[in-house]
Amino acid sequence: MIKKNYFRKIAFGLGPNTDVPSDPVAWAQAQVNSVPKLAWDGPLFSEKFLLDKRAEYRFGEDEIRERYKNDRQALKQAEKKLRYTTGEQYFESLELNIRHHAARNSGTPVFERLWWFWSNHFAILDKSSLPSFNTGAFQREIIRENLCGNFTNLLKSATISFAMIKNLDNSDSVGPNSKNGQWRKKKGKPVSVNENHARELLELHSVGPAAGYSQKDVIELSYIMAGWECPWTKKRHDANQVKFNQNKHEPGEHKVFGKAYKQKGVTPKNKLIDVINDLAEHPSCSNFITHKLCRHFICDHPTEEMMKPILKAWNESGGDLPTIHKALLEVTYEYTGMFDKFQNPEVWLMQMATMADLNWPLSSVDMIHDFSTKPRKHMNRVKWDLKEIGLSPYRPTQPNGWSDLSADWISPELLLRRIVFAKKFSSSGSGHGPQNWSPVHMLQSNFDNLDRVLDYLSLDKDRWQQDPKAKELHPYNVIQTLFPSNWMVSA
Amino acid sequence: MILSRRFFILGGTSLSLLGHPIWNARAATQKKKNLVIIMLRGGMDGLTAVPVKDRLLNSLRPNILVNKTIDLDGNFSLHPRLKTFASLWKTGQATVVHGSNIPYTKRSHFEGQNQMETGATTPYTEATGWLGRGIDTAELNGLAISLQMPLLLRGKITADNYFPTTLGLPSSKIFEKVTSSFVEGTPLHEAMMSINARPREMLRANWKDREPLKLAKTAAEQLKANDGPRIAVFDLDGFDTHSAQGGTDGEHGEKLSKYDGIVKVLKDNLGKTFDDTLIVTLTEFGRKVEENGGYGTEHGYGTAILMAGGLVKKSQVYTDWPGLSKKALFEGQYLNATIDARAVYCSAMAACFDVDFNYMRKHAFWNEQLPDLTEKLFKT
Chain A
1 MIKKNYFRKI AFGLGPNTDV PSDPVAWAQA QVNSVPKLAW DGPLFSEKFL
51 LDKRAEYRFG EDEIRERYKN DRQALKQAEK KLRYTTGEQY FESLELNIRH
101 HAARNSGTPV FERLWWFWSN HFAILDKSSL PSFNTGAFQR EIIRENLCGN
151 FTNLLKSATI SFAMIKNLDN SDSVGPNSKN GQWRKKKGKP VSVNENHARE
201 LLELHSVGPA AGYSQKDVIE LSYIMAGWEC PWTKKRHDAN QVKFNQNKHE
251 PGEHKVFGKA YKQKGVTPKN KLIDVINDLA EHPSCSNFIT HKLCRHFICD
301 HPTEEMMKPI LKAWNESGGD LPTIHKALLE VTYEYTGMFD KFQNPEVWLM
351 QMATMADLNW PLSSVDMIHD FSTKPRKHMN RVKWDLKEIG LSPYRPTQPN
401 GWSDLSADWI SPELLLRRIV FAKKFSSSGS GHGPQNWSPV HMLQSNFDNL
451 DRVLDYLSLD KDRWQQDPKA KELHPYNVIQ TLFPSNWMVS A
Chain B
1001 MILSRRFFIL GGTSLSLLGH PIWNARAATQ KKKNLVIIML RGGMDGLTAV
1051 PVKDRLLNSL RPNILVNKTI DLDGNFSLHP RLKTFASLWK TGQATVVHGS
1101 NIPYTKRSHF EGQNQMETGA TTPYTEATGW LGRGIDTAEL NGLAISLQMP
1151 LLLRGKITAD NYFPTTLGLP SSKIFEKVTS SFVEGTPLHE AMMSINARPR
1201 EMLRANWKDR EPLKLAKTAA EQLKANDGPR IAVFDLDGFD THSAQGGTDG
1251 EHGEKLSKYD GIVKVLKDNL GKTFDDTLIV TLTEFGRKVE ENGGYGTEHG
1301 YGTAILMAGG LVKKSQVYTD WPGLSKKALF EGQYLNATID ARAVYCSAMA
1351 ACFDVDFNYM RKHAFWNEQL PDLTEKLFKT
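Just so you know, the sequences run in chain order A and B.
Numbering of the first sequence is given in my numbering, commencing with residue 1 and proceeding in unit increments.
Numbering of the second sequence is given in my numbering, commencing with residue 1001 and proceeding in unit increments.
A hint or two may mislead.
[To be verified] On the chain A side, residues computed to face chain B include the following (Cβ under 8 Å):
1) K127
2) Q398
3) E413
4) L416
5) T481
6) P484
Honestly, the hints are just simulated from the structure, not real lab data.
A virtual CB, placed ideally from N, CA and C, is assigned to each residue, including glycine.
The shape of chain B in the complex, shown without the other chains (with noise of 0.2 Å):
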């Protein structure tokens, strides 16, 4: 098989704007656009996810190759467990970039998930995470679906989280009371007025609803209302699939399924916002393209993100593709990565805030260079 290469990637539009005005459309059209990130922790294996039909993936992986795999463009195919994003393909709702990856080249979970939360080239350096930053530049609010902050919605701004108690919640005379100990302006009354706004039977769940299909259902809802958060980020782990990976059945695959399921609930709960809302993975790193004896696989470097939602341009595979044959691999072992996965989501909230990329790049990732890649994967 042979794919071209695109060489985008030392396209000069950075330079080319500099001194130009910042354009910042937020002030003239004011449509609400929004945001998920979901985090894939572990490592997800693009090509698992997004096989490449070449048959030296074939000769590394005998035991865990992914099977009745999904057509995408003749080129590459989809895991049969992503049922939603084969039918969003479909509708032109669906991406794919091949071949990515933040700029982490070693092996290490904990740097390479500190690097994808913080943007930043080297690993417990950032206190702030890119999309906490973006949020600052764009002056929005955004929602983690989770009990702790991540690292990747913080900035100056601070945002809002949800993840129900199990626990039995006091009479509302408590909360009442306890609102009232809290100076007004504070903090910590801002905290409590968020958690008042809320309906008292949004605030406590069972264990089985803090899955993350059932909290899906309430972020869509959360962010389909027009006054609500326009970002929301997920956490999912559990890729990091050393053993018993498997193909079509295996670890890998069920863990890709609970992705699809996610896209699932917000496809069917957002309505029309879907059309409006733009879905996008993070990972650490991909895995090795070898299989490992335990039919499994070691951390790599490159892999996919996948992208769904109203907001990207097309239904497309968007990769430089950099090969399998052992010279084009990373240390000779790893699938490469030509595209900063960094422009990918710099250039999504760009699209999704109606910020000039540019003026994102600066604010949210150091004036690094970063491609603008806005007009070849969203509708702006």
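The following block holds chain A by itself, in its conformation from the complex (with noise of 0.2 Å):
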């Protein structure tokens, strides 16, 4: 017997013209090899133009922040004007269909849920005008390259991006006794590290709290930090790469878990590099990721004997994240039907788009943009519907990115959008619903306990596909009551 609910777990559930794989845990583990490419021919940015848009951005507010002083009345024009001329309405609105488009049509749904996990492991905030220009660039170009090599690239590409240096205030450090520090306090300017990105390098992005680092480790981790910075400039204010500027940097000798880092070569950027190589080889780090995996994909509560043999994988491989994903894949199949995971509002939402076939989300043609005019008002249709359901991808607002307890998502209002959006998608007038779609597939493919989820419809489970045009059976009556239903929440 396979394990139908698997296919909700691990992916978005199977879509009309997916067949039961014979073979689950090999279908799965076949998709995590290499990156696949994203399923998009629409317009697409790269990380470096989008940084030149918010230089655009960040410049002209300062420019007609002074001209408008006066008039608070042109100054709100001016200001809408500039929002469209930089594409900060519009950005996020085409990340979010790319990141959807993937999900639904690049044909290794498997990939796209841990690209979504890692993602939102490296959460980058909603501040600073980040999710308008840089946190999907980030995603796409930082994060997903580098979900099939080592975790350690990983780790040192998003902890050194441009996104992360801004999300969590690196820029900001001042070693007290770089030349840069000096300098301030002979102006009697404070002087300090910014422990933010140090602190939740450890507590979040590798070795969790249960490591056992002390602030004083925080401390000399700041220092160790302190330099990576992407530089202000009044052209193009904090919208420039990032660079290690040698005269913030603290110099000397620091100790991170005991372990003492210096200068090698030329250089002391490398400090941070040799910090992060033995971060992501701690052992804290494979526990502390591996139990957020089990309980991303598995349940909230995962047991150790859950986590033994993705540790053992982890482990073994040093850290290749294609054996990790594998090991997890072929685990949570195991666990299938013995834990449920509660399914957050956007992975739910990709689900029935995928296994009700719905028109969603936007073609690439109707997200061309030509930043002279107003974005039109369709194209935000995912970014308004994503913010409708509750979860706005780029726009957390903990660093620890969006919640993976189900507590956190059950409240009446968020039930209560999936109960409208279950209707909304439901009706092919609406322009979202089915064409030409037959539930006896999808509920056949997805379901291991078909039998009651049959009944939960008031159907016969020895007489119900002889019958295709029972009303119970019809579309707008399946979408509406299965989806937002106790089968579909979660899996």
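Reassemble the complex: the two chains are provided individually, in unrelated frames, and hints are given to aid placement.
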């Protein structure tokens, strides 16, 4: 017996054109060997280009604030215009469409789920215009591109990316004994390191709180990280590529977890790389992230037993992500049916889109924008719908990203959202609804407890396929009734 | 202008009560009292809402001074857009706590907003909010007027939320069917029962009806009901006025009038229940005293808390005024905070939930040394 709930647990369920794979684990594992191409033939902008756009926006803000300081109405008008000429109002919608297209059409939904997971692991907060310009590109070019190599490389690339340095304020860090620090002291200006990034590198991105580091470790790591910045320039503000600025770097030797890090070679910037290498290999790191993977895919409270094979894969492969992912996919299959996992609103929405073959998201043609006028309203549909359903992927408000715990998602209004979204998507008149879709294949290929699901839908388990025109089997009824129900909110 | 400093900060009330038997009046008298928190995000400027009469302020803010202010107590006046607040002042139902802030001394909105909701002294260290912990302590129920459950309300007890959808509702049959799929006693089933208990017309609204003012009306109806929630939380943003902050008719005044509008709707719709209600503001920090080149202000530190409702003791500006001289300013630039805002919030919860202050302090604020302001600020 193939466990079919698995396809929702590690992907978005099976769509009408996918037959139930005879070996689900092999099917899933085959998707994680190499980074698949994004299924997207529409506009696509590089991280570098988006940084230029950010610069244009930041500098533009300065200009109009000065120009219209006496005229509130004119300032508001100018701000509105700047938002569309720089794409501030457009890029987030575009990136979300790319994200959902990949999930839907790349043919590698398992990889895409992992991409969503890791993007949330290295969460970029809803702050400083990051969601509008940088978060989507960070997830595409830095997270996605590093998902089939070693975890150490992923951690390094994410740590010294523009989005993360900006996100965790590392540019504000000035070593007290650095050249810049000494100068600031002379001028009577405050000098300190910003511990934010160092703390989160330990607590959220690598070893986790159980590793037992002290506040001293955090400060020492902040010293090592001081100097990694996105430099501020008048014409571009903070929108500059990350550089290592030796003038802000705290000189000397610093200890993290009892190990001293010294300068090797010509520049002290390698000190951080050395620390990251060690953090990635720290036993707490594999433990912390394995727990997180299990929590995301299997259940809220993973057991040590289920973590074991994944930890083994991690340690034996030295952090090779495809090997780790394959172990995870195997373990998840084993535990399917034993533990249920609550599906967050975005995953749930994509499951509904996949399984009911909905017209979602927008087509690439719909997302073409010329920057001279306001983006047309429909372009923002994915962004607005995700906001309305309660999960804006690029806008978490906590540095640990969107929660993986069901308790954080169960509330009256968030549950009601699923009911009204199912209704909205059930009708073909809305432009979302399914065309020529029959629920028969969907029901047969996605549910383990089919008898009970049929019972819930008031369908006779022996005869239901003989009467395909029954009103209980009408797409309209099945989508509205089944998708917001207990059968779909968990897998 | 000279204001006398009142040194209550070092009062030892909490120490003298250590070992005192915990007194929880809820068991004795169970009168329903309501606490409404309005979060003002972006950094609400206490010196725009409640300007001090001080020539230093005039010289530091030549282009954004508030004119036509309403005098409060000779030392402080009120922004003219706070009309409802002004009328409540006349009836003894409005209080300002000035020169106050949460213990956050840096300039980041995100860290500050995190701390204003958790009540902690370092950002991103707590997963629950001070109000959530207060609710747990008093075993009450709260209602968030938002789609997401704000961090402020998070605790052990699951709180309710209200934020009408703009999408069409399916038939009541679908509601029944979906409800039947959940297992009784589970959180999902409970959330579903909460939806089912609401009148259908309450579940859905137009875009416009999700404006805070419209939501305030629904909140008032909920708070009025004897078996309804006792706590409501609102979220207002846009107080981050780096430019064109303006004085009387500026952007900051515009935002203040939004706050004032919520107070008005609550006042008008709560009826007699307004006498048993306390409406309190919360923000991450105030704004820099000196204006910037764009006729706005940068992020600051000390600010004011606005409190309205029948549960305030009397109309007063309660302050240990730090002054505006360069020496008195925090880091020489920002209004100082001489009152830990958490003492006000802890006292407000103690007063509204009929729980002993020290018991509340212990459970909601980790027993930190906060002075008991219950008697000074609220009817007890």
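Verification of the supplied hints:
1. K127: holds, 5 Å
2. Q398: A/Q398 check passes; min Cβ-Cβ to chain B is 7 Å, inside 8 Å.
3. E413: holds, 5 Å
4. L416: Constraint on A/L416 satisfied, holds at 5 Å.
5. T481: A/T481 check passes; min Cβ-Cβ to chain B is 5 Å, inside 8 Å.
6. P484: holds, 5 Å
Taken one by one, the earlier hints all hold for this structure without exception.
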